[in-house]
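For the sequence shown, my numbering begins at 1 and goes up steadily by one.
Some clues are possibly wrong.
[What the hints assert, rightly or not] Under the rule of at most 35 Å between Cα atoms (straight-line distance), these lysine-lysine pairs were calculated in the DSBU-like manner:
1. K42 to K75
2. K64 to K84
3. K58 to K47
4. K58 to K31
5. K75 to K58
6. K31 to K42
7. K89 to K64
8. K60 to K42
9. K60 to K31
10. K47 to K94
11. K75 to K24
12. K47 to K64
13. K64 to K75
14. K64 to K42
15. K24 to K60
16. K60 to K47
17. K75 to K89
18. K47 to K31
19. K31 to K64
20. K84 to K94
21. K75 to K60
Read the hints as simulated data drawn from the structure, not as lab findings.
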Amino acid sequence: MDLNLALCMDEPLVPTELGTQTEKTSYEHWKQSNHLSLMFIKSSIGKSICGLILDCAKVKEYLKAFEQQFETFDKALASILRIKMCSMKFNGTKGVHEHIMEMRDIVT
Numbered sequence: 001m002d003l004n005l006a007l008c009m010d011e012p013l014v015p016t017e018l019g020t021q022t023e024k025t026s027y028e029h030w031k032q033s034n035h036l037s038l039m040f041i042k043s044s045i046g047k048s049i050c051g052l053i054l055d056c057a058k059v060k061e062y063l064k065a066f067e068q069q070f071e072t073f074d075k076a077l078a079s080i081l082r083i084k085m086c087s088m089k090f091n092g093t094k095g096v097h098e099h100i101m102e103m104r105d106i107v108t
């Protein structure tokens, strides 16, 4: 069983009763791969993070939702860091070395 089958190929059409055995088998393999991949990903991610992501029936959609959730988080974090860097000033109470180290810590 290929776990990444659902990631590598789009969902095949749901086979009708007149469909060939190959179509039915292909669909069942994809469906099982999708289900197992979703279970594996969800079990690998912490519950607090899983709660932030919309529940999807397909693994590709779930990963897109995951990516979009953290894209907005990255933008917000970048904005906060930019504000901290721009508002930070050397006030003379600490040494220059400590001030530079604080600025470096914000960046990393």
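Can you name, in rising order, the numbers of the hints this structure does not satisfy? 7, 10 and 11
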